[in-house]
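Novice: Sequence:
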Amino acid sequence: MVSTGTPEKLVKFLELNPTVPRDRIFVDDSENYDSYKALKFRKLGGDSPPPSGVKFKVPNLDMGTWFNYMKNVISLAPIREKEDGVPEGVTLLGGTVVFSGERMLFASADGIPGDYPPPMDVLDKVKAQL
1 MVSTGTPEKL
11 VKFLELNPTV
21 PRDRIFVDDS
31 ENYDSYKALK
41 FRKLGGDSPP
51 PSGVKFKVPN
61 LDMGTWFNYM
71 KNVISLAPIR
81 EKEDGVPEGV
91 TLLGGTVVFS
101 GERMLFASAD
111 GIPGDYPPPM
121 DVLDKVKAQL
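All residue numbers for the sequence shown refer to our numbering, where the first residue is 1 and numbers rise by one.
For the record, the hints were derived by calculation from the structure and aren't laboratory data.
What you are looking at is a predicted structure, and each value in this text was computed from that prediction instead of being measured.
No residue lacks a Cβ here, since even glycine has one placed at the ideal position from N, Cα and C.
Keep in mind that a hint or two might mislead.
Per label pair, the in silico range of CB-to-CB distance [said to hold, decoys possible]:
hint	residue 1	residue 2	range
1	F67	D34	32 to 38 Å
2	N68	V2	19 to 25 Å
3	V58	G101	33 to 39 Å
4	K125	K57	19 to 25 Å
5	D62	G101	20 to 26 Å
Taking lysine to any residue and the SDA-like style, the derived pairs with C-alpha atoms no more than 25 Å apart in a straight line are [as the list claims (entries may be wrong)]:
hint	residue 1	residue 2
6	K43	G89
7	K12	V86
8	K57	K82
9	K127	V2
10	K71	S52
11	K37	P49
Please put together the full structure from these sequences, using the hints given.
Specialist: In structure tokens, the structure reads:
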């Protein structure tokens, strides 16, 4: 897993999400979000519109989880000092990428937040390449 932000925000994220394996998550704190751009991930409000048929899905969270999210979202957001307007890190969308060593087995860029492929579809495509 790769995220935008800072190493300090990653530590806080991992404290809040102890089930995420620490050895499988990294933070792109490069000046231009180089890893996101190398993977050709999209941006909200970018040049290309979301793929047709993609709909925003509100996560099904209980009240306590929503409260915890709202309490921490700003402190974890990839906002840099002295950025004007909407910070670039906030507009970056992610994706799903699976590697075996240096070989990429699967890649999918999110069209909107939460637009990730069904896990079983990803596993089936990865298994077919192994």
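Novice: Compare the structure with the hints numbered earlier in the document and write down the numbers of the violated ones, lowest to highest.
Specialist: 5, 8 and 10
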